[in-house]
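What follows is the residue order along each chain.
Number of protein chains: 4
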Amino acid sequence: MKLLFKIFQIAFFALPLIAMRADKPLKVVFFGDSITQAGVGPTGYITKVSEMLRAKGQDAEYELIGAGIGGNKVYDLYLRLEDDVLAKKPDVVFIYVGINDVWHKASSGTGTDADKYVKFYEALIKKLKAQNIRVIVCTPTVIGERNDNSNAQDGDLNQYAKLIREIASRNSVQLCDLRKSFQDYLIQNNPENKEKGILTSDRVHLTDAGNVFLAEKMLEALVQK
Amino acid sequence: MKLLFKIFQIAFFALPLIAMRADKPLKVVFFGDSITQAGVGPTGYITKVSEMLRAKGQDAEYELIGAGIGGNKVYDLYLRLEDDVLAKKPDVVFIYVGINDVWHKASSGTGTDADKYVKFYEALIKKLKAQNIRVIVCTPTVIGERNDNSNAQDGDLNQYAKLIREIASRNSVQLCDLRKSFQDYLIQNNPENKEKGILTSDRVHLTDAGNVFLAEKMLEALVQK
Amino acid sequence: MKLLFKIFQIAFFALPLIAMRADKPLKVVFFGDSITQAGVGPTGYITKVSEMLRAKGQDAEYELIGAGIGGNKVYDLYLRLEDDVLAKKPDVVFIYVGINDVWHKASSGTGTDADKYVKFYEALIKKLKAQNIRVIVCTPTVIGERNDNSNAQDGDLNQYAKLIREIASRNSVQLCDLRKSFQDYLIQNNPENKEKGILTSDRVHLTDAGNVFLAEKMLEALVQK
Amino acid sequence: MKLLFKIFQIAFFALPLIAMRADKPLKVVFFGDSITQAGVGPTGYITKVSEMLRAKGQDAEYELIGAGIGGNKVYDLYLRLEDDVLAKKPDVVFIYVGINDVWHKASSGTGTDADKYVKFYEALIKKLKAQNIRVIVCTPTVIGERNDNSNAQDGDLNQYAKLIREIASRNSVQLCDLRKSFQDYLIQNNPENKEKGILTSDRVHLTDAGNVFLAEKMLEALVQK
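In order, the protein sequence lines correspond to chains A, B, C and D.
Each residue of the first sequence is one higher than the one before, counting from 1 in full-length UniProt numbering.
Each residue of the second sequence is one higher than the one before, counting from 1 in full-length UniProt numbering.
Each residue of the third sequence is one higher than the one before, counting from 1 in full-length UniProt numbering.
Each residue of the fourth sequence is one higher than the one before, counting from 1 in full-length UniProt numbering.
If you're looking for bench data, these hints aren't it; they were derived computationally from the structure.
As the structure is a prediction and not an experimental result, all values here were calculated from the model.
One should not assume that every hint holds.
Copies of the same chain look alike in the list, so a pair counts if it fits in one copy or across any two.
[To be verified] Quick list of in silico lysine to aspartate or glutamate cross-link-like pairs, EDC-like style, CA-CA up to 20 Å: (1) 116 with 83; (2) 196 with 115; (3) 194 with 115; (4) 162 with 148; (5) 56 with 84; (6) 126 with 83; (7) 162 with 192; (8) 194 with 184; (9) 27 with 82; (10) 194 with 166; (11) 180 with 59; (12) 217 with 184; (13) 127 with 115.
Work the whole structure out from these sequences, hints included.
Structure representation (structure tokens):
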């Protein structure tokens with residue numbers, strides 16, 4: 001009798017917690033370009049985050065959703081924000097975009113001017129914050145892995161990374177400084193100063209090591225605070 | 001008595017017409033780039049349309065609003081559609097954009113890919129049509145006035161003009177084929193095959209003659225049907 | 001006796017002619033880019049010219065030499081003129097360059113300005129003429145096969161073709177107007193206005209039909225008085 | 001008699017010195033782009049080198065010749081090497097080119113590919129060394145003065161500077177590492193991380209301070225054993 005009561009008592013307090021964990025995992029959207037599109041593949045970084053959460057027994061607490069499309073620039077994200085992000089009612093959104101905004105200047109003449117990059121980026125944040133969504137902004141990683149600022153787009157990437165840091169500060173959103181993490185890693189781990197083959201297979205897209213490294217940084221940002 | 005009746009009778013039928021003309025002129029927004037920004041200046045094409053309407057005694061029937069910003073491309077229009085167009089509750093919107101989408105490829109590496117040009121263009125139309133706004137789409141005019149397809153961007157401009165014609169047809173919106181009009185005019189009126197100085201002062205922005213010519217074409221499109 | 005004399009007499013006059021034909025065929029260098037590099041391959045245009053000459057029994061009269069290197073622009077030809085052309089002491093040189101000068105503007109930001117294109121082109125001609133070499137200049141063919149001037153580089157290619165025509169005239173050298181030939185052909189033979197697949201496999205490099213067509217035009221120019 | 005002997009004695013020793021100084025100053029050509037073209041102006045860096053030499057009483061020992069043309073890239077130098085440099089029979093040639101090779105990629109799509117930059121650069125050196133001319137190669141200075149590698153072209157400029165250092169080493173010619181000097185200076189003297197206004201007026205062309213600084217570096221290189 002007493003035992004039964006105890007069980008009921010436990011159930012009474014525990015059920016809501018169980019319910020919360022089981023019914024409402026934190027919904028996280030990764031919003032980005034081809035790296036994020038590949039992120040949900042068997043070796044992609046989003047898959048790696050899932051695996052890391054499972055290893056910690058926390059996979060039920062999170063629902064990870066990839067929303068990456070190859071070739072996307074910041075204004076492409078803006079165009080599909082409603083359908084691909086807001087409609088999913090996420091709790092957290094990672095914005096990870098900028099490589100194509102810089103790269104396409106040289107490769108096809110269709111990159112994004114710095115001032116417009118900022119304008120569209122802040123328009124994204126504004127709409128996400130209006131839905132009380134927690135926003136985490138990521139600096140663009142790399143186009144080329146040389147560690148002495150001699151990759152052709154390094155100047156522009158450094159500048160766009162600075163713009164994101166300013167955006168994070170100005171809009172009071174969380175920063176995940178991927179470019180800094182990548183640069184620090186490559187100073188330590190690219191002694192031959194190679195263009196690719198460490199974290200990327202082709203100067204941009206990630207090797208398995210790159211996906212693991214990115215997943216670690218994303219997960220750190222996600223569980224922070 | 002009979003006269004009084006007549007007066008009443010006239011008033012009965014005429015009042016709604018008078019009211020319509022006096023209270024609710026047709027609100028027309030010109031949505032575009034630097035050419036449209038200059039369009040509201042003392043010699044700009046929108047000012048010319050006003051003057052043409054006044055000369056015909058129809059100026060009270062139309063309210064013309066310029067919504068051009070220098071350097072704008074199609075995605076810039078998309079970003080400011082709500083604030084600069086929809087908020088004004090227009091009856092008619094001219095979309096006249098594309099020159100920078102092509103030009104900036106060569107001048108700053110920040111033009112717009114053809115497929116994305118179409119995508120954003122149709123997103124604009126969709127939002128305008130959802131408000132029952134009459135849409136008139138304009139093909140991009142010129143970057144250089146040579147009349148033998150030897151201006152550097154002619155190939156791309158011809159292609160983007162074709163895309164707009166297809167967009168008009170596919171979305172059942174009115175077409176104002178400015179590029180064709182300009183090309184036809186320059187074949188007749190540029191015997192020395194000059195790069196500028198006929199309809200443009202600098203290969204892109206309009207001379208007084210250019211503003212008049214553009215105004216005529218816009219007005220023709222506006223009063224059509 | 002009289003006959004023998006006659007035979008000797010014929011031999012006396014004929015031998016030098018025979019010798020000339022046998023010992024000294026006309027040496028022709030094709031100087032260009034990847035299209036010319038492929039020109040000496042089994043299905044390349046230079047190989048086709050050889051075959052056409054053989055079919056006419058004139059193959060002994062000509063020695064055809066390919067001097068094409070992929071990615072070359074006019075200044076690359078200038079750099080290797082001595083080694084790859086003058087050192088071979090040719091009688092005739094076809095200059096067929098310009099596609100990369102235009103194309104690389106968009107694809108890698110490393111095209112050639114029009115004024116410098118002319119400057120290097122005329123420097124080539126000057127050095128060739130100083131060696132009494134017959135020069136035949138070719139207009140650039142196509143980047144895309146659409147026949148309504150809507151390929152992205154059509155404006156620039158039309159302009160560079162005009163520059164070559166002016167160079168030919170100003171320097172009194174023979175013109176082989178390949179671009180015009182290709183354009184005329186495509187108006188007749190590309191009813192669906194396709195981008196590729198008629199004379200080119202990839203908008204630039206030649207199909208078998210393209211190599212045959214180019215060979216015909218080159219041969220016409222070569223045998224032209 | 002004694003006096004006459006003295007005079008002869010003086011003449012005997014002095015004449016060669018006088019002759020050397022008066023008849024054959026060291027002829028130095030500065031071969032480059034618009035910065036060098038401006039270098040011979042009233043406040044240009046070559047003028048500054050002259051003034052520095054005069055202050056040291058050494059102006060008679062050097063003849064300084066500017067051979068800069070605005071907009072020049074490495075292949076433009078190659079085209080005019082004979083006329084503008086070799087014809088002047090110099091003892092020393094500074095090659096200072098590369099800014100336009102990088103910059104024009106973004107500004108007009110007509111920059112120079114890295115591999116061709118090296119090829120033309122080494123062709124220049126080869127021709128100069130064949131005339132026993134002492135060659136001093138300079139790394140490109142700056143396009144933008146931010147000191148944290150966030151100017152758009154910094155990556156490319158760093159890479160082209162590395163290529164020049166390798167060229168110097170591989171060809172055993174003297175290096176004047178202007179880019180390193182400028183970067184070191186800007187780390188010390190640009191605390192606000194401004195884009196221009198320290199050594200340059202417009203991110204590229206030199207202020208008076210810039211001309212003085214450049215002149216000092218050039219002079220150091222020139223007098224170096």
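Hint by hint, here is what the structure shows:
1. 116 with 83: between (22 Å within a copy, 17 Å between copies)
2. 196 with 115: between (30 Å within a copy, 19 Å between copies)
3. 194 with 115: So residue 194 and residue 115 pass the 20 Å test across copies only (17 Å; inside, 32 Å).
4. 162 with 148: Both ways: residue 162 and residue 148 sit 18 Å apart in one copy and 10 Å across, limit 20 Å.
5. 56 with 84: Result: close neither inside a copy nor across copies, 29 Å intra and 50 Å inter.
6. 126 with 83: Both: 16 Å inside a chain and 15 Å across chains, each within 20 Å.
7. 162 with 192: between (27 Å within a copy, 15 Å between copies)
8. 194 with 184: within (15 Å within a copy, 25 Å between copies)
9. 27 with 82: within (16 Å within a copy, 29 Å between copies)
10. 194 with 166: This pair counts as between: shortest inter-copy Cα distance 17 Å, intra-copy 30 Å.
11. 180 with 59: Classified as neither; 28 Å inside a copy, 51 Å across copies.
12. 217 with 184: within (13 Å within a copy, 33 Å between copies)
13. 127 with 115: within (19 Å within a copy, 25 Å between copies)
In this structure, the earlier hints numbered 5, 11 are contradicted, and the remaining ones agree with it.
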